[in-house]
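Colleague: For the numbering used here, count along the sequence shown from 1 and bump the result up by 512.
None of these hints come from the bench; they were simulated from the model.
One should not assume that every hint holds.
[What the hints assert, rightly or not] For each label pair, taking beta carbons as the anchor points, the in silico distance ranges come out as: (1) D567 with Q703: 20 to 30 Å; (2) D567 with K701: 17 to 27 Å; (3) A585 with D646: 18 to 28 Å; (4) D685 with S559: 14 to 24 Å.
[Unchecked claim] In silico DSBU-like cross-links for lysine-lysine, where the CA-CA straight-line distance does not exceed 30 Å: (5) K612 with K521; (6) K535 with K584; (7) K535 with K701; (8) K698 with K629; (9) K620 with K535; (10) K521 with K572; (11) K620 with K528; (12) K584 with K612; (13) K629 with K584; (14) K629 with K551; (15) K612 with K572; (16) K521 with K642; (17) K540 with K642.
Heads up, the beta-carbon is just placed ideally off N, CA and C, and yes, glycines get one too.
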Amino acid sequence: MCGYVIEEKNIRHLRKTGVRDSKMMTAKQRESILPELEKLALDVSLSSISAQDIDRLRTKTNLNRIEIETMKAIIKITEPDMVIIDAIEANVDGFHRKIKTGLGFDCKIICENFADKNHPPVSAASVIAKVNRDKEIERLRQRYGFRGTGYSSDPATIKFLREWFSSNGSFPDFVRSSWITARTIKAEKEQKKLIEF
């Protein structure tokens, strides 16, 4: 997750970079625009949560709540005058209340679904977060021989996890055991054991 802080007067320069929703850009485009995004920023705050921490927190709350608390932590660190957030819930008003509650200081908060398509600073945060994620995926490839994108719909990711679980009886430490894909693979393996019995 990324918080991108920029002076309002520099947003027009940000637009000129061609930044847009990271999903609409190739990896090469994201990498090439990154130095300019960082140059225009007053601050960039990246936050990631380990798979183990997410699994631990999931025993008490849901993933949306974990993400909301992470967003609030980034806002508290950067203390902007205005925040534009890509809402992760369909109920934008409810999401806005969750962000504002307990923030500890006043700032204008705009929450929108698909804000990364409509607001260049949110697009910039999206690009920086995606470049950071891509680097982490590459690190996992080097360390574990990981294949795939890491997304639950990716056949290569699912195949890698099935093979790993079959060989090791558990998942690598970068995989959340609470992730539906991991739970499904584990359940399939346990079902197979029952059938073989």
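Colleague: In ascending order, which of the hints set out earlier in this document are inconsistent with the structure?
Modeller: Result: hints 7, 8, 10 break, sorted rising.
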